[in-house]
Amino acid sequence: MLTKRIIACLDVRGGRVVKGVQFVDIVDAGDPAELAHRHAAAGADEIVLLDITATHERRGTLLETVKRAAAKLFVPFTVGGGIRSAEDAAAVFNAGADKVSINSSAIARPELIGEIGGSFGAQAVIVAIDARRGTAGVEDAEVYVSGGRKTTGRSVVEWAREAEERGAGEILLTSMDTDGMRSGFDCELTAAVSSAVQIPVIASGGAGSAAHFAEVFGRGRADAALAASIFHFGVTDSRELKAELQRSGVSVRLPC
Amino acid sequence: MIAVIDYKAGNLTSVVKALDYLGAKEIVVTQAPEVVRTADKIVLPGVGHFQSTQLLQDLGLTDAVRESVAKGTWFLGICVGLQWLFEGSTEAPDTSGLGHFAGMCERFPARFEGAELKSPHVGWNSLEQVREDSKLLRGVEDAGFVYYTHSWRAPLVKDTVAATNYGGGFTAAVERENVMGVQFHPEKSSAVGLQVLKNFLEL
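Protein chains in written order, with the working numbering: chain H, 1 to 256; chain E, 1 to 203.
If you are wondering where the hints come from, they were derived from the structure by calculation, not from laboratory data. For glycine and all other residues, C-beta sits at the position ideal for the given N, C-alpha and C. Treat the hints with care, since some could be wrong.
Simulated crosslink set (DSS-like; lysine-lysine; CA at most 25 Å straight-line) [stated by the list, open to error]:
1) Lys17/E with Lys67/H
2) Lys72/H with Lys118/E
3) Lys72/H with Lys198/E
4) Lys135/E with Lys67/H
Examples of chain H residues lying across from chain E (beta carbon under 7 Å, computed) [stated by the list, open to error]:
5) Leu2
6) Thr3
7) Arg16
8) Ala41
9) Asp45
10) Phe74
11) Val75
12) Phe93
13) Phe120
14) Gly121
15) Ser195
16) Gln198
17) Pro200
18) Arg253
Chain E on its own, in the form it takes in the complex (with noise of 0.2 Å):
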């Protein structure tokens, strides 16, 4: 069974549907802590704002995901679902990430490299330094196009198995073990994120 957690961060509609159309088994959509225990796998979706995941702490599902990963559940966190994954994000200082990855999230500078930078970063960027070993991105190579649109952004750490440059690089990718996340939307990036998906589910 495949959790997909719904913490009302926006619209699940589009992550069920690619998941279903690439033949997923039993999708629950939920915000019950008991399903998120007993699930195969684990989707974090979710667009908006970082404090929208303060509910997973009000409800119990940080700690549902936190039992979950650590005998060995295969997580996929999406936009904010993988930025909920690192210490937190300066977007809403007083709510905590996971932290299963170091590092805060932060906004994208107003400018870079001394032209105005437009935020939030919307549209399709290429996937840069794709690593080989990454089970995630199985098939998917370098100079790959997918879909982002975020003001804030994960930063590169020793885990990022792809990165995004839009005012210097930041995490696209990352995933250590059973761990994952992307910061752009799979259920988007039309054959390339379909590849993503598809890869996970295999897992």
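Bound-form chain H, shown alone (with noise of 0.2 Å):
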């Protein structure tokens, strides 16, 4: 039976893991290449790496890091963060990257997906959507980009299914309204997009207890989730959380 996959998740800058709560707050949580490891022994179904700073100048730095992480990982590995051009997406991939996560570079040049698809497949391309609800609820909820930045106006559902026409393999949502809070996952939301699509929706931002997973992979109808915040710092691990869910009826890998 197909499990639902835990995704750990290491945010990155200038080389080392931090978290934020709601975007901004940022804390130091380790060596991301040791992180990864160490996740992967704890069970994690898969790590995602996101340096939220990558600049150009500092690509060099970002690749080392990924060399370093992958180089004894063996889950799936993605890597995001300024990745603007297929050749940027080929270097990560090299580096030892199995997906790269796209999102401001994909909303302002679509085509960005279908390239990066085209030489290493739509499995290895993954649109991040940064979500921010408006005053009507679900449906208002509109793109973010830079970051949780900047807004570009455009409903989240309809940039999926454009997403996903365009030969994503994945949608990584992230609710910042609930972002680092802890308070859960914003099923709605993440339902409305797994409905609206047909491939795997990765839930983000919230996550705070093994409830608030078993409530996104039912209710918010999610085929993985993300967790940083709440695996850093050894509030639990994978492990532990897949035991849990697997109690509530969710299927995990387990044994892992």
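Both chains are sitting in their own frames, so use the hints and assemble them into the complex.
See below:
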């Protein structure tokens, strides 16, 4: 049976893992390569590394980090941040990533999705969407870019559909409203996106307990869920989380 | 020498990295038929479109593989590499596979048993009916989890050595003497996947 995936996310800034609350307030949580291995050993189904401050000048640092992290990582490994062209993506794949996550650059030039997919396969392209609800709720949810600093005026559900049509392999949906709050995922928004597309949807933003994951896999119709701060400070690990999910009837990869 | 065939279908880094990690000696990433002919083992990875396997025919690699496997060279196809061992795929009807195993690869159905079925099939799914006589799956148990990402799948055949269920059963691993294939990604399937690759290296 296909299981629900638990994905450990490392937000990286200047070569260190950090975690913000609602996209600000940054706290240092360690070395990316070391944390990637630790998460994989602790039962994470996948690892995502997002360099939230990646710029052209600093790409070398990112590639070095990816290489180090990928060296002994035998679970799927996704890298995002600062990928603006098929060449940028190729460099990240050559360093050892299995998938890339693109966000602002896909909004700026949607053809990028097909360009990367054309060379590396659709399964290698994750379109990340940062979403914030409007006054009318889910229907009004808008896509934000540039690390959540700028609104695009685009509907989240429509952009997810377009990304799928252009050849995205998965959608990584982050709710900016719930991000870092540890009060649960935005299940309503996740379900709206998951129902609108055929490709898998990864829910992100708001993980605080095992019950939150069970909720987003059920009511939220998510195929996978991502957590960062919940793991870093030893709150729980993936194996513990999955054992609890299994007890509440969610199928997960156990033993792992 | 292990020849890892590069036919421009996705990313070979992970496969080579995993083989290297397991201590494989002399891994050669190649497009040259003469290298394939002299290899002790051949690995055909690949993610993406079945159409990309047309390059194997165009570069003379199909004939090289056919000759090599006929004289007993160990062969492992991964993902599209497994599908290519069958007769073909509805994904690219004009491109033939090796035809070593009977049957065509088909797309997952949009619906299964009355419910909508998401496609691609992405994530960790379990191996079922693992055959005890499989060399490739030695030490791999029923219900072991492996990582998949694909939209087309090979049918269950008499040489299927493990199945996975998603919209019905499909071939997770196939094996007849020296010719083997896995639909999942062993290089991304943690301990179970590394066991499979280790088994292949130790043949």
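Now the hints, each set against the structure:
1. Lys17/E with Lys67/H: This hinted pair holds, its Cα atoms lying about 11 Å apart.
2. Lys72/H with Lys118/E: violated (31 Å)
3. Lys72/H with Lys198/E: holds (15 Å)
4. Lys135/E with Lys67/H: Not OK: lysine 135/E and lysine 67/H at ~33 Å, beyond 25 Å, violated.
5. Leu2: holds (5 Å)
6. Thr3: holds (5 Å)
7. Arg16: With a closest approach of 24 Å, the arginine 16/H hint is violated.
8. Ala41: Cβ of alanine 41/H sits 10 Å from chain E, so the hint is violated.
9. Asp45: holds (6 Å)
10. Phe74: holds (5 Å)
11. Val75: holds (6 Å)
12. Phe93: Since chain E brings a Cβ to about 5 Å from phenylalanine 93/H, closer than 7 Å, the hint holds.
13. Phe120: holds (5 Å)
14. Gly121: holds (4 Å)
15. Ser195: violated (9 Å)
16. Gln198: holds (6 Å)
17. Pro200: holds (5 Å)
18. Arg253: This hint holds: arginine 253/H lies near chain E, its Cβ roughly 4 Å from the closest one there, short of 7 Å.
Checked against the numbered hints above, the structure breaks hints 2, 4, 7, 8 and 15 and satisfies the rest.
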